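Please put together the full structure from these sequences, using the hints given.
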Amino acid sequence: MRQVMKMAVAATVASLALAACGSSSTGTPAATGGSTGGAASGIKVGMAYDVGGRGDQSFNDAAAAGLDKAAKELGVTSKEASATTGEAESAREERLQQLIDAGYTNIVAVGFAYAKSVGKVAKANPNVKFAIVDDASPDSTGANIENITFAEHEGSFLVGAAAALKSKSGHIGFIGGVEVDLIKKFAAGYMAGAKAVNPAIVIDVKYLTQPPDFSGFGSVDKGKAAAEGMYQAGADVIYQAAGGSGGGVFTAAKAAGKMAIGVDSDQAKTAAADVRDVIITSMLKKVDVGVYDFIKSVKDGAFKAGVKVFDLKSGGVDYSTTGGKVDDIKAKLDGYKADIISGKVVVPSK
Amino acid sequence: MKRLDPRKLALGAAAPLVAILVSLLLTSVILLAAGDPVGAVWAQFFKAPLPRQIIAIVNEATVLYLSAIAVAIGFKMNLFNIGVDGQYRVASFAAAVFAGQHWLPGWLNIIVSLIVAILSGAIWAGIAGFLKVGRGVSEVISTIMLNYIATYLVAYLLKGAAVKVEGSNATSTAIIKEDSRVPGISLDGIIATPNKLYGLIVLAILVGFLYWFVLSKTRFGFDLRATGRSETAAVASGVKVKRMVLLSMVISGGAAGLVGMPLLFGQDYAYGDTVQSGLGFAGIAVALLGRNHPVGIAFAALLWGYLNQLSNGLQIGAGVSDRLVLIIQGIIVLSVVIAYELSRRAGLRLEQNRVAAELAAQRAKQQPKEVAA
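Chains as they are written, first to last, in numbering that gives the first Met the number 0: chain A, 0 to 349; chain B, 0 to 372.
Fair warning: there could be bad hints in the mix.
Straight-line Cα separation of at most 27 Å, BS3-like style, residue types lysine-lysine; simulated pairs [stated by the list, open to error]:
#	chain 1	residue 1	chain 2	residue 2
1	A	Lys312	A	Lys165
2	A	Lys307	A	Lys349
3	B	Lys195	A	Lys119
4	B	Lys158	A	Lys115
5	B	Lys239	A	Lys115
6	B	Lys195	A	Lys115
7	A	Lys122	B	Lys176
8	A	Lys349	B	Lys195
9	A	Lys183	A	Lys329
10	B	Lys158	A	Lys122
11	A	Lys349	B	Lys158
12	A	Lys194	B	Lys158
13	A	Lys122	B	Lys163
14	A	Lys165	A	Lys324
15	B	Lys163	A	Lys205
16	A	Lys307	B	Lys163
17	A	Lys43	A	Lys122
18	A	Lys43	B	Lys46
19	B	Lys239	B	Lys75
20	B	Lys176	A	Lys119
21	B	Lys158	A	Lys205
22	B	Lys239	A	Lys119
23	A	Lys119	B	Lys163
24	A	Lys183	B	Lys158
25	B	Lys75	A	Lys183
26	B	Lys176	A	Lys115
Everything labelled a hint here was simulated from the structure, so no lab data went into it. This structure is a prediction, so every number in the text was calculated from the model and none was measured.
Right, dumping it as structure tokens:
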């Protein structure tokens, strides 16, 4: 009998562990793709998403939006597959290779986790064109790879300035999903922007989880708890760069009657309808533009390997004005924007 | 003394096979309910893996095997080491930092790094062992807690040890130089692929052998199994139970420390935030599936690796969610546990029937004599 109990306990824990592995998804099944688009152009695009895949309302969805636009306007066909939490490095290579084997010879890899696998698979398939989002390391450098990177710190500077201009208490906050270098870049720009407006401003910074635990990008409850704490401590504007956890920050802002700032997409349009009015602006990171531009360049025969930086100057990052909450300070924000573009203000990235 | 009963042996092998069949059936039901293409899914499932996929499966199985052996050492002692996950991450980090310093040349660096990994894993598991022996804290609770502490501790230390690569968003320790890497084993000539097996597959086989040898051929192994079966009986025969608990926890942790080594020296050459996670939990399922037997675990690890690598094919070839693999794995573990229990009861009944029949035969033989007398 004791043996049975032990086995039962073990089985329960094992299944819990498995369930935990899957929980980083937002519950939307990875939409795997089929052919879309009207006039077929013959261009076939394989999309390899980061954990969460299409439907995460954040990073992956931004990339998916670029693909959808290309399908509609350029008539490309596509196949999509997403990463599994805790997968082996070989699984990423395999994903890219299988997309190629299936005939999808223009590959978009979403997220820096693909750096090594893109480098390796690109070398083995010199005729296939690759784009990788968020990585420009030597691992993913090659004659057939475009590295799509963003100046997240520049966009974050502008929303940091907006936060400081809007704050009445002189106390603001930043909530990052996972403490990785990429998210620290958001924080660095935000703090610089806020201090440019008000050098004495108080800024609370919190990251929801530590790597390799990436659940901080998908836990609404963690985002909510962290934001509640900051609002209670006196902050009146919080900028979140926390992917799927951001919804919790908005909920907390609504409950506290305070303000929040969105990230990646124009979240005053994409967030849940009842919390949209707390979002004063969003830092736009136009992953969709990066993906669309890559596909278009392939179609036009204008593909160019190497690093492509999407910054303020090229319009790859920006702040949003949906809802009209920053209309009164728009002139000031555009002033900072012009200074950054002209090089008069240099935004720190760490 | 203990004869191999062919019927019992058949029962033992039948259990996992029946379990796998049942899980395939249940999965089909789920697929039908979800409106997914059952035929296309099974076509992907039973497609012979390509050469490069075979390599990936064996490599994944190598790592899972080490993890499952670490779990099984605890199981044999009736200890539930859920902390393999934290132990292997602490150990991988420590070994990566040590190896990255290159204080020692070439192979010596690798060997000492392996020892560093074993010691770090052992110490981390030893905390749970000490808490159990000294304070009576359940190892289930303490190892789960230590997993969390390991996550934060390693993340904190990684910040200090990280080496910045220009243009990269990943954080990782210094890359181990060529001379301290374990070369892969090429299967060129057998299967057509440039990919290689982890050189440290040898280490996994060695650990599996040691596990079998120590448990079944040594006094220590006997004491360990005896304590696992019945603590009171072990105490009566002079086994120091507390010492055994601490020791087996430490050994389990030491084995856990090796889990990340094939990855470190055969593929990643560093420890960073994109390193493979969750191996310790997968090891629990694999150990259960393999019934804590060194050969059984090897088969279970291969099955697990096979299922894991299906997730891409299912998405790209069959157009279903990769979560299906997680569902199948979950169903297999549950069916296997149930099948093992049923086969144990069936075996028991067989044994009872046999003994009853023998007793009846004896009595039948004796009776005529008594009548005669």
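Status of each hint after checking the structure:
{"no.": "1", "hint": "A/Lys312 <-> A/Lys165", "verdict": "holds (25 Å)"}
{"no.": "2", "hint": "A/Lys307 <-> A/Lys349", "verdict": "holds (20 Å)"}
{"no.": "3", "hint": "B/Lys195 <-> A/Lys119", "verdict": "holds (14 Å)"}
{"no.": "4", "hint": "B/Lys158 <-> A/Lys115", "verdict": "holds (21 Å)"}
{"no.": "5", "hint": "B/Lys239 <-> A/Lys115", "verdict": "violated (50 Å)"}
{"no.": "6", "hint": "B/Lys195 <-> A/Lys115", "verdict": "holds (16 Å)"}
{"no.": "7", "hint": "A/Lys122 <-> B/Lys176", "verdict": "holds (21 Å)"}
{"no.": "8", "hint": "A/Lys349 <-> B/Lys195", "verdict": "violated (39 Å)"}
{"no.": "9", "hint": "A/Lys183 <-> A/Lys329", "verdict": "holds (26 Å)"}
{"no.": "10", "hint": "B/Lys158 <-> A/Lys122", "verdict": "violated (31 Å)"}
{"no.": "11", "hint": "A/Lys349 <-> B/Lys158", "verdict": "holds (13 Å)"}
{"no.": "12", "hint": "A/Lys194 <-> B/Lys158", "verdict": "holds (25 Å)"}
{"no.": "13", "hint": "A/Lys122 <-> B/Lys163", "verdict": "holds (24 Å)"}
{"no.": "14", "hint": "A/Lys165 <-> A/Lys324", "verdict": "holds (9 Å)"}
{"no.": "15", "hint": "B/Lys163 <-> A/Lys205", "verdict": "holds (22 Å)"}
{"no.": "16", "hint": "A/Lys307 <-> B/Lys163", "verdict": "holds (20 Å)"}
{"no.": "17", "hint": "A/Lys43 <-> A/Lys122", "verdict": "holds (20 Å)"}
{"no.": "18", "hint": "A/Lys43 <-> B/Lys46", "verdict": "holds (25 Å)"}
{"no.": "19", "hint": "B/Lys239 <-> B/Lys75", "verdict": "holds (16 Å)"}
{"no.": "20", "hint": "B/Lys176 <-> A/Lys119", "verdict": "holds (18 Å)"}
{"no.": "21", "hint": "B/Lys158 <-> A/Lys205", "verdict": "holds (16 Å)"}
{"no.": "22", "hint": "B/Lys239 <-> A/Lys119", "verdict": "violated (54 Å)"}
{"no.": "23", "hint": "A/Lys119 <-> B/Lys163", "verdict": "holds (21 Å)"}
{"no.": "24", "hint": "A/Lys183 <-> B/Lys158", "verdict": "holds (12 Å)"}
{"no.": "25", "hint": "B/Lys75 <-> A/Lys183", "verdict": "violated (45 Å)"}
{"no.": "26", "hint": "B/Lys176 <-> A/Lys115", "verdict": "holds (17 Å)"}
Violated hints, in rising order: 5, 8, 10, 22 and 25; the structure is consistent with all others.
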